[in-house]
Amino acid sequence: MNRISKNRVAVCIFTLPALLVFTVVVIYPISTTFYRSFFKWDGIGEAEFIFIKNFKNLLQDDIFYTSLKNGLVFAAVLVVLQIGIGTILALAVSDNSLKGKKVLRTAYFIPVVLSITVVCQLWLQMYDADNGLINKIFEKIGISYRQNWLTDKSTAILAIAVVNAWQYMGYHFTLLYAAIKSIPEHFYEAARIDGATRIKAHLHITLPLILETYKFCLTFAVAGGLNAYANMLIMTNGGPGTDTYTLTFMSFRAAFQTNEFGYGCAVAVVLVIESLLATLVINRLVARERITY
Amino acid sequence: MERIFTKILGIVLILVMVLSMVACGSSTTPDSVSTSTLAAATTTDSTTTPVEQPVTLKIYAQYSDEDTKAPYDYAIAAMKKDMPNVTLELDILAQDDNAKLKTYAATGNLPDVFQSGGDIINTLKASNNILMLDDQAPTADFKSKMQPSAMNTLMNSDGHIWAYPYAGNELVLLYYNKDLFTQFGVKVPTTVDELIQAAKTFNSKNITPLSIFSKEKWVGVSLFDCLATRMEPTGIRKLDTNQGKASDEAFTWAAQKFAELAKAGLFQKGATNTNNDQAESLFLTGKAAMFLNGQWEIATATEKMGDKVDWMAFPGKDAANYEEAKNNFSGGGGPGGYSVSPNSKNKDMAVKVAAYISFKYAECKYTTRGTPIVATKVNAPMVEAFPPMMEKLAKVIPDIKSFGSFDWNLTNAKFKVAIEDATQKLVTGGYTADEFVKDMDKAIVNANAE
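Chains A and B supply the protein sequences, listed in that same order. Per my numbering, numbering of the first sequence is gapless, rising by one per residue and ending at 293. Per my numbering, numbering of the second sequence is gapless, rising by one per residue and ending at 1450.
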């Protein structure tokens, strides 16, 4: 192994295919998007260089702020529900005394493998204002909280985010469960001998030791929230009006509906920068020291 | 040694990036697209294919429901007899605001023949991706077959022909269930206030007053246009062409009444999430008293509801306005139909096919689909007689004073998207007329800014 790493030519040859693929599928599209964001272009015809005018216009566009806010709300819901509930379930299932763990593990992961269209259709039925399961439950328990979940601008984005959180919660559960199971059992035995309760043991042993996994989950949840598109496309098509737009949706609208491809690229650039910033902050704040045991 | 290696690795990385960019970069950069397509469009020596030789053409057309499948199948069956050497490869049109068509144009992959209309003609025209048909061989004959009242569907505002139309000036109609109105003692409304009253009565009887498929944003736009045309005969066309503002009296009134109707519970819950099938089903099964759709709904409504269904003139501001404006319709036609790619390898044949198919579409719609509202004159024998609702409409058509516009005939893409969003918000009842007017005035300024 050491001999190979010292052989510079071998390193270059072995990394070249990966570099090529990475450049073609990541670096090239991002750099062309940056380049095109400086043009007034309808996506087909002649382009006019306008430097940063697209970005200036963006700052005066109400839809930009709606989209930005929706992306952040979406990301926050994913973080709270996917990682929060994922953690609780992972801790519960990792308990040796719990019966039926196999069934639970499979059940939690099933939504992840379902098609997003199927999941959205399922939840569309559940959110139905007249006959949907959720409103029926409120009705049965005597709470007058019937809502037009997807047509009310105050609930629509939250309702859509819950669907995504529900579907991919199992993914985060699996990662966290695997991390918890990798913690040596004798750590907990020592804690028990010292008189620590189960909750204390999790707070002082489990959670600090799986911070690396949390970093990964957090990055996925935040980036997924900021980039959200498919759920709203299927469930509300961005509506009512533009109330459930995200930056991805806004970029599509500009590029393909209003013939402002350059403007759409500018929105995409902001999205890329936003996601990069979020990733940097997460990397800076979470699990700064690598824990080995 | 370490530094030299780092430098070499750096150079390799840069080379890889540059190489892959060059490899990925096609000639379709913003500037070069136009030059290449321009060259193709302006070239005069088009490749002509003798009629006898087998020709395969790609066609991009609607083929999703009975109303779009039937004319296509009819035209293809006729083509097999009249143009046996031509084979068409169908690429089904996506309901995606022409995103797919624009992508085809941007990548130089436009089908030989494609459906176009509204702002897409202007977009493709600006980039030389649509063939001007003025001097093409079949045009003179096609023009002679046009209905005089439908010439606006052939000639673009620039005075040129970019598509062979098949649809005439189609209309938005407000359908109603006569039995439900009689059963609950509701008068067929002639004013918007009576419509609000009717909505309240039907709601109290657990009947949806008006089912609307507002997941498709054009329906909300059409309802707004129906209201606006009570006071402004050209409706939203005036806003689209930047000749009016949303704060003008007619549009402010339309927004106010739209918001009032939504507040009064005119639409079913979750209307902005309801698709065509769901809304239509509510009406056809007697769960909704009214339904808003184009005149193409007549065939289905008659088939499912028989003589229980009729359409009404849209209610006016007051009784006098009702009489004055009852022949102002929302809808109308615009330039559109089958267009041809200037880059087609079989351009002449593609033009011939576009004209032929458009003509056959109109023939099918007229003789078998019960609609006389087509672009060209039809001499073929009738297969099915017009339903009573269409007979009634046919009597009104000669008296029509003006048309607003269908959403898809709007020519300013930015305005179109803005009014789609704003009217969909009005449907929810959580958006005021003042907000609508303010947002739309701003959108109109943006849509016309250079």
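If you are wondering where the hints come from, they were derived from the structure by calculation, not from laboratory data. You may find that some hints are simply not true.
[Unchecked claim] Below are the DSSO-like pairs computed for lysine-lysine, each with C-alpha atoms no more than 30 Å apart in a straight line: (1) Lys1377/B to Lys1145/B; (2) Lys1200/B to Lys1304/B; (3) Lys1187/B to Lys1200/B; (4) Lys153/A to Lys1442/B; (5) Lys136/A to Lys1205/B; (6) Lys56/A to Lys1100/B; (7) Lys1377/B to Lys40/A; (8) Lys1395/B to Lys136/A; (9) Lys1058/B to Lys140/A; (10) Lys153/A to Lys1069/B; (11) Lys56/A to Lys1125/B; (12) Lys1347/B to Lys153/A; (13) Lys1187/B to Lys1069/B; (14) Lys40/A to Lys1100/B; (15) Lys1347/B to Lys53/A; (16) Lys1205/B to Lys153/A; (17) Lys1205/B to Lys140/A; (18) Lys136/A to Lys1100/B; (19) Lys1245/B to Lys136/A; (20) Lys1414/B to Lys56/A; (21) Lys1287/B to Lys153/A; (22) Lys40/A to Lys1414/B; (23) Lys40/A to Lys1438/B.
[To be verified] Chain A regions said to be covered by chain B (calculated; three or more residues, Cβ under 8 Å): (24) 39-51; (25) 143-156; (26) 226-237.
Heads up, the beta-carbon is just placed ideally off N, CA and C, and yes, glycines get one too.
Enumerate the violated hints, using their earlier numbering and listing them in ascending order. 7, 8, 9, 10, 12, 13, 15, 18, 19
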